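Enquirer: Top line first, the protein sequences correspond to chains X and L. Using UniProt numbering, read the first sequence as starting at 1 and increasing by one per residue. Using UniProt numbering, read the second sequence as starting at 1 and increasing by one per residue.
Wrong hints could be hidden among the right ones.
[As the list claims (entries may be wrong)] Taking lysine to aspartate or glutamate and the EDC-like style, the derived pairs with C-alpha atoms no more than 20 angstroms apart in a straight line are:
| # | chain 1 | residue 1 | chain 2 | residue 2 |
| --- | --- | --- | --- | --- |
| 1 | L | Lys86 | L | Asp120 |
| 2 | L | Lys178 | X | Glu299 |
| 3 | L | Lys228 | X | Glu299 |
| 4 | L | Lys178 | X | Asp52 |
| 5 | X | Lys302 | L | Glu244 |
| 6 | X | Lys302 | X | Glu268 |
| 7 | X | Lys77 | X | Glu119 |
| 8 | L | Lys178 | X | Asp164 |
[What the hints assert, rightly or not] Sample of chain X residues at the chain L side, in silico, Cβ under 7 angstroms:
| # | residue |
| --- | --- |
| 9 | Ile6 |
| 10 | Leu10 |
| 11 | Val258 |
| 12 | Arg261 |
| 13 | Phe264 |
| 14 | Ala285 |
| 15 | Ala300 |
| 16 | Trp338 |
Because the hints were derived from the structure by calculation, they are not lab data. All values derive from a computational prediction rather than experimental measurement. Yeah, the Cβ is synthetic: ideal placement off N, Cα and C, and Gly gets one too.
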Amino acid sequence: MAGTRISERLPPILDRAQAPVAFGQRALPRLAAELQNGERSVRQRALAALRDLIHDPERAYEAIHHGCLERLRVLLKDENASVRTTTAEVLHLLATHSVGREAFLRLDVVSSLAELLDEPVDACRKNVHQALKMMAELPAAVVCMVSLGLVPRLVMKVAVEPLDIRELVLSTLSCCVRVDALSTLASDGVSVLKEQLAHASTNIRRAAASAMMAISVPPEGKVKICEEEVLPVVVQLLNDADPGVSAKAAGIIMYTAVITRGKFQALEAGVLPPLLCLVESEDRAVCVNTLRALTCLAEAPKARAQLLQHLPLLQTRLQHPEPIIQRAAATAIQVISWTP
Amino acid sequence: MTSTLQPYSETPNETYTFSSRPRPVPPRLKYKEHSISQNEGQGIYGNIMYDRRVVRGNTYAQHVLPGPDLVEIQRQQEARKRAIAKNRAKEQFRSRTPDALQGRKHTDMQTELYLEELSDLTEDTSVGCQTDAFLDKPITPLFIPAKSGKDVATQIEKSELFDFDVEAQPVLEVLVGKIMEQALLEVLEEEELHALRTQQRAFQDLHDAEMVEVERLEEQERRRHEEKDCRIKQKRVVLEKEKETAEKIAARVFAQHYLADLLPSVYTTLKDHGYFSDLVQRDIETGFLPWLVAEVNSALEKRQIALTVFDILIQNVTNWRRETFQIVNPE
């Protein structure tokens, strides 16, 4: 039966793989000290315990406060692959919190992570890419990454990595491109992405299409896309089964069709019939992007002539409950019915 | 009627047994008292053959209960006697009371109920008993041996026994609670992330749509602007051209007009300016006249020099004269 006296023995160790976590505020300083321990098993167990604690934002803040990041940086260079893998995972979990991201920028953890891009162990690389992807959502971090010259390396990695890591790299690239497109364009990103657009896996196609859409936002990107003849491939993607992919494909077309050259290339690639099929789609992103693409294309007189026949279809979209779709449909109708 | 008790045996585990020697029923003594018969004990027993109580003869056809025996008659007589004796005793003890005083009343009261007869005669009844021919031995009663040793009692209270359910419940509650809590946290985290991502995606879609609209309008604006600029430039060029042409025409006309009487005026002007000149005249003018003038100049210069020299001379003389005059005069 339970007694009232506190036992003198230490509490039982429930999990051999994890270091026992001390109570309250003592937990993280002790773990931080254990991370510096000479024995590898102690470090591994401390890392495993840290990985479970870091999910909580308060613990993450405490960990950073007690200087775990410097030690983790040192551990990234450890010889043992499992230690590196776990360290990368802990860094990924820290990067999910905003205090973690700021600390990464302050302590320049990104460069240490970048050194691990050529890591032979798959799991470790995956965690590194996950951490980089989390960081890439912060514009300041993208600036840091660009200054470190990570973008060309990532572009090169796209072709060689296995599927799940490739998806992460593509997401990282699309976030980077949103902030700074020039570096990607300079490292020939458009052609690499074009290859990925035709991949068999849906996730890869979606990530590649999203990156391509981000590239097509600045004017240089649009020009590059027209040069590289990406639009025929994109038109193929419009008929894709996954709504995410077709939404992004419509997005690429809508951005590229803003410039005149893009309009004419798209019309040559026969983009109007698939777009008209997609207008009826239930997915909001697909519908809006298609309407905007039609609006951009309708500025060309040839397209306008064709689209005048399909005005009733667009008018049905005016009754949609979402305001953005109503606006897009109204703009499209206005542009199509414009006469000089 | 008495029976000897069996001596207490040392084997209490055996079943209880009772046995007594069969003994005859003591006779009914006609002439002696019962108490005396009792005191005398075992010696008196009568011959059964001469006992009146035993049924004689064939009993198969007898329906009638045995008639009043002597014993019964005796009993009745005795009862009668007793009653008479009682009455007499009552008469004796009844007192003749005086009459009641004023205000009081005598009541008769029977105190029989409260009276107790004291007599030497003990009431007795005679009971006949005949053992059943085929009655088996009765069940031996349970042998309960006498108590020996110490009495020790123990009582288990309600809360002393270990009840697994009661003990295990808090432990289980904590375990299950912790597991559920951890699971809930993880699920909440995932849900939160999912919700965040969905929101992010939705925002991104809206952002993209608006962005493309902005870009399209910008592009449109830029094109229109360009177009406008182009047209304006064209127009300006055209205007320039027209102006130029007009000016050219005007200039031409003016020039023609101007140049119409240019020729005679040119000639006149040239002639005025002496461009058409006689060679000799020119020669004279260019060669002779400058020389002449130069000669005249030199002649005049010489004259001037001479005059100047004269002037100087005169001045010197006059000065000298003045000086001499002055020397002479102030004195």
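Enquirer: Against the structure, test the hints numbered earlier, and report the numbers of the ones violated in rising order.
Expert: 2, 5, 8, 9, 10, 12, 13, 15, 16
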